[in-house]
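Student: One letter stands for each residue in the lines below.
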Amino acid sequence: MSNKEALFSYVLRLGDNALITGQRMIERVTGEPELEEELANANLALDYIGQARLFYSYAGELEGKGRTEDDLAFLRDAQEFRNFLLVEQPNGHFGDSIVRQVLFESFYLLQLQALASGDDQRLAEIAARAEKEIRYHLRHASKWLVRLGDGTEESHGRVQHSLDEYWRFTGELFEADSFIDTTIERLESEWNRQVTAIIDEATLSMPEEQRMDTGGREGKHGESFCFLITEMQQLQRTYPGVTW
Amino acid sequence: MVVTEITREQVFEWLRDVPDPELPVLSITDLGIVRDVTIDDHVCVALSPTYSGCPATEMIEQSVIAALHDRGLDDVSIKRTLSPPWTTDWISDEGREKLLQYGIAPPEKGGGKRALLDGMRVIACPRCASTDTELISEFGSTACKASYRCVACLEPFEYFKCI
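Sequence order for the protein chains is E and S. The working numbering puts the first residue of the first sequence at 1, with every later residue one more than the last. The working numbering puts the first residue of the second sequence at 1001, with every later residue one more than the last.
Where hints are given, some of them may not hold.
Per the computed footprint, the stretches of chain E lying under chain S, defined by three or more beta-carbons under 8 Å from a beta-carbon of chain S, are [as the list claims (entries may be wrong)]: (1) 33-40; (2) 47-58; (3) 133-143.
To list a few chain S residues with every Cβ distance to chain E over 10 Å, as calculated [stated by the list, open to error]: (4) PHE1012; (5) TRP1014; (6) VAL1076; (7) GLN1101; (8) GLU1138; (9) LEU1154.
Quick look at which bits of chain S chain E covers, simulated, 3 or more residues with Cβ under 8 Å [said to hold, decoys possible]: (10) 1053-1063; (11) 1080-1092.
For the record, the hints were derived by calculation from the structure and aren't laboratory data. Think of the CB as a built atom: it goes at the ideal place given N, C-alpha and C, for glycine as much as any other residue.
Can you build the whole structure from these sequences, using the hints too?
Tutor: As structure tokens, this is what we get:
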């Protein structure tokens, strides 16, 4: 694989993580527990869709086959997506979403910070833009996790369960990328430090060590992912090339 | 109009009349999203999005093209520029004053770098200037605003949040 191909697949993966995270959030629109969270969720989802567009546009240029951001989002099959399993997990209750956001965004923020000072200028520019947004997102999600973990017995029990359930998808975040993630080990220890601090603050317990589920990066997704893709792509698949 | 007759400063001046669609009290130059104007065989305006997913991006670009068309410039292109990334620190002092007059608390400078789990910031009420205010919601009517309430004068108000 040439450097350019490797960069293409890396940038595509960044786009996939952003798009699928955003799409799962969009599925929750009108399902949030209160109006303020409705506004928050929709606004935060919009940032992810915007970031996905920036990554996909760049990926399309790197590939050089004329594929646009829309082609990459709407005209690839499920197994061609390379997002983490963590971000594709089906939505459960509000606490599930908060735990997933904290685990993923703690990683994503560090990844963006590393890319923002990386060698690829275009990627550095996109990452510097996105980093400011994700910092705000993570602050929001972290505060909620503390509120829920350090809240009632019911909320504490529920988010502890979410944390234990999602933990097995966090190993995949640190599968080293031979091309760009030269800092992956440092990133993993920093992620562990930050996530542990948030979990402590939330009076939750760290999940036990366990076998990690991986496969998203090879395009091996769960069943629910196919439903997500089918719904997201329905319009373009039914009316190819449709615009408004 | 022959492009060579106009200056960069003139174009910047014209762009001062283009309002931000979500905060019409501010022009796009107050907001700090006009990054550059270059003039060679045509005019190119470099704009920087506030947020990656800002739904006003396309509309602002169309407004810039329309405003310059009205001034007789037919050949205008827009360049989207991400670097350096826009933050609320790019809002001009004049823009901050306009926000305050409009009833929106302007963002604190350098506020985007706060730690994840630190305490509340102090936001002054744009109506009575009391700092006895409380956060209602981190999110508001648009992606860039949070909702606050003044405990002293009871007025709810919006805060242009920092990134």
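Student: Now look at each hint and say whether the structure bears it out.
Tutor: Okay, the hints, checked on the actual structure:
As drawn, the stretch 33-40 of chain E meets chain S at 3 residues by the rule of a beta-carbon pair under 8 Å; at three or more, the given contact holds. Counting residues of the stretch 47-58 of chain E whose CB falls under 8 Å from any CB of chain S gives 7; the rule of at least 3 is met. Closer than 8 Å: that is the beta-carbon criterion, and the stretch 133-143 of chain E has 8 residues meeting it against chain S, so the requirement of 3 holds. Its beta-carbon lying about 23 Å from the closest one in chain E, PHE1012(S) satisfies the requirement of being farther than 10 Å from that chain.
Consistency note on TRP1014(S): stated as away from chain E, and its beta-carbon is indeed over 10 Å from all of that chain's, at 27 Å minimum. Listed as outside the interface, VAL1076(S) is consistent with that label: its C-beta sits roughly 22 Å from the nearest C-beta of chain E, beyond the 10 Å cut-off. For GLN1101(S), the requirement that its beta carbon stay farther than 10 Å from each beta carbon of chain E is met, with the minimum near 25 Å. GLU1138(S), annotated as away from the interface, has a beta carbon of chain E within 10 Å; the closest lies near 6 Å.
For LEU1154(S), the requirement that its beta carbon stay farther than 10 Å from each beta carbon of chain E is met, with the minimum near 19 Å. Counting residues of the stretch 1053-1063 of chain S whose CB lies closer than 8 Å to any CB of chain E gives 3, which reaches the minimum of 3, so the coverage claim holds. As drawn, the stretch 1080-1092 of chain S meets chain E at 6 residues by the rule of a beta-carbon pair under 8 Å; at three or more, the given contact holds.
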